[in-house]
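Participant: Residue strings, one per chain:
There are 2 protein chains.
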Amino acid sequence: MKGLVTLLTLLISMGCMAESSEVLPSWQDTAARQRIIAFVTEVTDPASANHVPASERIAVFDNDGTLWAEQPIYPQLFFVADRIRALASEHPEWQTEEPFASMLKGDIASAFGSSHDAAIKLVRASQAELDTDTFDQVVRDWMQTARHPATNKPYSKMTYQPMRELLTYLESNGFKNFIVSGGGIDFMRPWTEAVYGIPPERVVGSRVAKRFELSDDSARVVHEGTLEFNDDKEGKPIGISQHIGRRPIAAFGNSDGDLQMLQWTTAGAGPRLGVIIHHTDAEREWAYDRESSVGKLSEALDQAPQRGWVVVDMKQDWQRVFPE
Amino acid sequence: MKGLVTLLTLLISMGCMAESSEVLPSWQDTAARQRIIAFVTEVTDPASANHVPASERIAVFDNDGTLWAEQPIYPQLFFVADRIRALASEHPEWQTEEPFASMLKGDIASAFGSSHDAAIKLVRASQAELDTDTFDQVVRDWMQTARHPATNKPYSKMTYQPMRELLTYLESNGFKNFIVSGGGIDFMRPWTEAVYGIPPERVVGSRVAKRFELSDDSARVVHEGTLEFNDDKEGKPIGISQHIGRRPIAAFGNSDGDLQMLQWTTAGAGPRLGVIIHHTDAEREWAYDRESSVGKLSEALDQAPQRGWVVVDMKQDWQRVFPE
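Residue numbers (the working numbering), protein chains in the order written: chain A, 1 to 324; chain B, 1001 to 1324.
Everything labelled a hint here was simulated from the structure, so no lab data went into it. Just so you know, not all the hints are guaranteed correct.
Claimed, not checked - Computed footprint of chain A on chain B, listed as stretches where at least three residues anywhere in the stretch have a Cβ under 8 Å from a Cβ of chain A:
(1) 1072-1078
(2) 1118-1127
Stated by the list, open to error - Over 10 Å on every C-beta distance to chain A, these chain B residues come out as not near it, computed from the model:
(3) Glu1098
(4) Ala1101
(5) Lys1153
(6) Pro1154
(7) Glu1201
(8) Ile1238
(9) Arg1247
(10) Val1294
All residues carry an ideal CB built from backbone N, CA and C; glycine is no exception.
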């Protein structure tokens, strides 16, 4: 038995050594990486005054622009565009009715951009009156087959490798990771477990109303068209409170839509981590902030220094952006 | 090493033997217990045609009358009554204003029973304008100190021992357990992890609206008075879809408020388990069903045979009701 104990001790100490040099391998060893690791080390150390019990280690992540690319427009809008095309034969009136007509001519940006009502109409047409099982499958099929127009890669490969490593690192340190996105909750849930290891119940997003329908041979929950909850800006802390029920200790975002989530998270007592992904890399990804119509980052960037948030400079701080 | 392997094998087989005779020890070995165990055995057996992957093993539990006693009135109503008394000195107008006046005279049932509006007013007064951290603490303090009027026991001891064992049994078989209750989501979340092992994010319930408030030195989420979502009847499958994002494979309830949750759960494809706790034990707990104003069970009881739901006869099927 003594040999076995020695072997186990050796394996455990090798594991620990491996961990410190191998966590977050796609991150440059700059201040951003060091501050994230210092925070995790501190809250997980039982001897630290800032130790946080595992049950309270809640981390929230925006999705668009934080976990995957959101340029040139949010991926969900490409999904909606594909759905409108697929449904067009059942809706001959769409050939002349806006915003559908623009969409069917391939002018996705102006179809969505013409007005808030137009965008709502399009999103509604992509899912209204489908039951949850059917819509799940529609989204799953799309994720399997769709390709990003700029790179021709599947959307699962438009996720950020450094952020995927961060999710794994946090989870292996007892954190529970949640997505808190302005995107549609039912658009994300069918694939987040496969792509990010985040199960459906840990995804918070914008919601349409639903209704229950019972017939002789089925019982279904059906999507209605009305937007019931907009999980953006002030909506994010509210969505977190309603879905998760606890104030997170770490929040990750990239735009002013994440401002209130970052404020609420980092205003709590004890150790807190706020992180902003700043898109600075026009070669490997996109470079945008204050003037962008997608993922505008201005107010949150201004508040970052005084609130102690880590600003990740994608170009400087990430060794690589996308997975192989 | 050979001795070690033999020892391990022995320990593992002892573990398995122990498991089959020791699961659900507070249940009589009647058909109800056997059907529950048969279901769990089937869905967890990789060789079974009805095997369900762990990620899809979602089980939902009503709370009042399913996990803890709901007689003579829902425990949350006693909490509200205690809050009204605690706040009365700040509200001298309540001495004459209904439903507060009745409540302060100790007539809890008629204060709540006078109208739906009256009940809403009382619940609102118990939490409106409190921020989430403060309300959490108020509920925690109440759970520590309050006693059930009929038994003088803390409410955590008014939970059902057989159901607590069932939660443990399911979790040890890879299930994720969720509470789906008509009760207030913010009333349950502060204590469900300690009492049932169910963390806040796995609790679905009725919700009031909330708002985000930022000031120079704080960021808070504040409870408003308006009931935003009623997690009862048709609300239960909708709440499950919005919070959990998957159709459960097992549902446990005790009243007609759980009917639609049971219907939706058991109408899905593959193996399904629907269970109704029937309160038949006037000596150890309470006996009530079709005529009760609390936890009325009539339609769901009628549908149980044709839908294949297990009806647990509390008097016959449970060796004991409450924990020590």
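Participant: Kindly indicate which numbered hints from before are broken by the structure, ordering the numbers from low to high.
Facilitator: 1, 2, 7, 8, 9
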